[in-house]
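> One-letter residues, chain by chain:
Protein chains: 2
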Amino acid sequence: MIRVSFQGERGAYSEGAALVFFDNNEKIETIPLPSFAEVLNSTISKDTDYSILPVENSIEGSVGESYDLLYSTPLMVIGEVYHKIEHCLIGSGDMTDVDTVYSHPQALGQCRRFLQENNIRTVPTYDTAGSVKIVKDMGKKNVACIASKNASQIYAVPIIKSGIADNPNNFTRFLVLRVNNGKGDGMKCDGNNSKCKTSIIFSIKHEQGALYRVMEKMQRYGINMTKIESRPKKDTPWEYNFFVDFEGNQIDEKVSKMLSEIKQDTLFMKILGTYPLARYC
Amino acid sequence: MIRVSFQGERGAYSEGAALVFFDNNEKIETIPLPSFAEVLNSTISKDTDYSILPVENSIEGSVGESYDLLYSTPLMVIGEVYHKIEHCLIGSGDMTDVDTVYSHPQALGQCRRFLQENNIRTVPTYDTAGSVKIVKDMGKKNVACIASKNASQIYAVPIIKSGIADNPNNFTRFLVLRVNNGKGDGMKCDGNNSKCKTSIIFSIKHEQGALYRVMEKMQRYGINMTKIESRPKKDTPWEYNFFVDFEGNQIDEKVSKMLSEIKQDTLFMKILGTYPLARYC
Chain Y
7 MIRVSFQGER GAYSEGAALV FFDNNEKIET IPLPSFAEVL NSTISKDTDY SILPVENSIE
67 GSVGESYDLL YSTPLMVIGE VYHKIEHCLI GSGDMTDVDT VYSHPQALGQ CRRFLQENNI
127 RTVPTYDTAG SVKIVKDMGK KNVACIASKN ASQIYAVPII KSGIADNPNN FTRFLVLRVN
187 NGKGDGMKCD GNNSKCKTSI IFSIKHEQGA LYRVMEKMQR YGINMTKIES RPKKDTPWEY
247 NFFVDFEGNQ IDEKVSKMLS EIKQDTLFMK ILGTYPLARY C
Chain D
7 MIRVSFQGER GAYSEGAALV FFDNNEKIET IPLPSFAEVL NSTISKDTDY SILPVENSIE
67 GSVGESYDLL YSTPLMVIGE VYHKIEHCLI GSGDMTDVDT VYSHPQALGQ CRRFLQENNI
127 RTVPTYDTAG SVKIVKDMGK KNVACIASKN ASQIYAVPII KSGIADNPNN FTRFLVLRVN
187 NGKGDGMKCD GNNSKCKTSI IFSIKHEQGA LYRVMEKMQR YGINMTKIES RPKKDTPWEY
247 NFFVDFEGNQ IDEKVSKMLS EIKQDTLFMK ILGTYPLARY C
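Protein sequences, first through last, are from chains Y and D. Numbering of the first sequence is given in the numbering used here, commencing with residue 7 and proceeding in unit increments. Numbering of the second sequence is given in the numbering used here, commencing with residue 7 and proceeding in unit increments.
Check each hint, because a few of them may be wrong.
If several chains are the same, the list does not tell them apart, and a pair holds so long as it fits within one copy or across any two.
[Said to hold, decoys possible] Keeping only pairs whose Cα atoms sit at most 20 Å apart, straight-line, the calculated EDC-like set for lysine to aspartate or glutamate is:
hint: 1; residue 1: Lys155; residue 2: Glu92
hint: 2; residue 1: Lys269; residue 2: Asp258
hint: 3; residue 1: Lys276; residue 2: Glu222
hint: 4; residue 1: Lys276; residue 2: Glu245
hint: 5; residue 1: Lys167; residue 2: Asp105
Think of the hints as simulated: they come from the structure by calculation, not from any bench.
Could you build all of it, start to finish, from the sequences and the hints given here?
See below:
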């Protein structure tokens with residue numbers, strides 16, 4: 007059995023992403039936990055084999071809390087997955103019955119147009135899948151919720167309408183982590199650099215040109231940076247840690263040379279992992 | 007009368023920042039509004055003269071919603087202010103009475119250690135100042151809340167204990183905006199470049215080295231970048247708009263030359279404003 011921990015209730019989008027990543031393998035067991043920290047801790051303490059962690063949504067942007075946990079985690083990243091977020095209106099009534107909708111504020115916000123057009127009152131809840139449980143317990147035809155198709159199936163509450171989000175381009179990127187084997191080899195990523203991605207974290211001196219010097223090295227080695235994210239350092243206000251993803255394998259000679267050069271320009275550098283690059287569509 | 011709109015209830019940290027920015031000028035009238043969008047709209051429609059908008063907290067990081075609004079706003083930035091966030095325990099009882107605390111989840115999170123040490127149950131609310139209203143209405147000695155000193159004074163509920171946050175380095179940076187006069191002159195910022203800050207937004211081609219080329223120009227002109235933030239484009243997943251702050255005045259010859267060079271490398275560029283650089287301590 008492969009045990010994967012995720013944050014949220016059963017039927018959460020995170021659980022869906024885990025199932026997609028492991029190809030709906032029958033040997034997958036998904037473990038729901040209340041917080042991101044508990045998800046990672048369960049893998050650190052070997053209660054689970056893998057953690058799945060949302061790091062960025064294509065509409066809402068980066069998940070700050072996840073990045074802060076990546077900074078301090080001893081786990082390594084061994085994969086990424088892009089999961090399409092498809093919000094459904096779920097409840098026991100018909101479209102004409104519904105006047106109240108429960109869901110996470112982010113899901114409510116992403117379906118604003120639909121809710122306004124249908125003059126529906128909204129009630130914020132802790133998470134999307136949890137709102138299906140609430141609506142089921144209430145058993146009222148006028149009360150529905152917004153969650154995934156998965157959640158509708160798990161709690162056996164029917165979908166009234168699917169595809170109700172304002173913007174159909176709604177994807178979340180997740181990272182998959184496991185205990186660091188010390189070899190930095192991640193999952194099988196034997197392909198050439200354009201098929202691998204490497205994630206690093208670094209902090210730089212608080213002086214002019216410090217970030218530029220790192221980027222200059224990536225440019226000189228012809229490395230394609232796919233993402234840069236800054237997160238505040240907790241101890242010194244307005245100084246940052248940078249999270250960078252780029253195409254390439256850390257064991258490739260060119261990449262490894264670049265990384266050791268970058269290391270000299272940084273106060274701190276950590277390689278989160280090399281893993282196969284996923285396409286989101 | 008100078009009218010300044012802010013998000014939240016009276017006594018919110020945003021209101022405190024507005025009062026600090028305008029030196030507690032007696033002619034200031036602060037207007038509370040429920041959302042960031044309504045705050046900016048009130049200035050666009052000239053119901054208020056200025057908007058104050060939180061853009062970044064030194065612990066939690068950037069406020070994504072604010073950056074998304076800056077992208078589309080016709081307003082210009084005319085100032086910045088760093089405001090210290092000092093969480094206080096507020097209620098009618100003593101420390102020994104309190105077993106339940108109401109506040110915004112972020113404030114509860116920032117006082118986690120204090121709450122755990124005192125074995126206090128937490129109840130999340132919509133905002134910090136609003137939780138003072140709730141606690142006042144309840145009138146129970148065992149129920150307190152976390153909010154600013156300002157909020158304690160406004161609602162006349164005493165401070166039980168101040169300085170209860172885990173990390174004392176808790177600052178929020180706010181921008182002050184007003185209608186664009188078309189001259190790009192902002193507030194008086196006649197000093198040399200090291201006393202001015204300029205904020206720009208740009209998007210770049212989705213190709214290797216595109217961000218590097220912009221940074222290379224800033225480096226070549228000796229410009230000190232103080233902040234870089236990426237926010238997702240809403241229409242194309244995994245493409246970004248970049249928000250950059252740097253020291254310098256847009257009317258300075260060197261800066262203006264650099265900006266026109268950068269413009270050629272970008273798909274879109276907008277100057278949010280030049281304003282006097284504020285120190286946070």
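> Hints first: check each against the structure and report whether it holds.
Here is what the structure says about each hint:
1. Taking the closest pair of Cα atoms, Lys155 and Glu92 come within 20 Å of each other only inside a single copy of the chain (8 Å); across copies the shortest separation is 43 Å, beyond that limit.
2. Within a single copy, Lys269 and Asp258 get their C-alpha atoms as close as 16 Å, which meets the 20 Å cut-off; across copies the closest is 36 Å, which misses it.
3. For the homomeric pair Lys276 and Glu222, the shortest alpha-carbon distance inside one copy (19 Å) is at most 20 Å, but the shortest distance between copies (25 Å) is not.
4. For the identical chains of this complex, Lys276 and Glu245 are intra-copy neighbours only, at 17 Å inside a copy versus 25 Å across copies, given an alpha-carbon limit of 20 Å.
5. Only within a single protomer do Lys167 and Asp105 lie at most 20 Å apart by alpha-carbon distance; the minimum there is 14 Å, versus 44 Å between protomers.
Hint compliance for this structure: no hint is broken.
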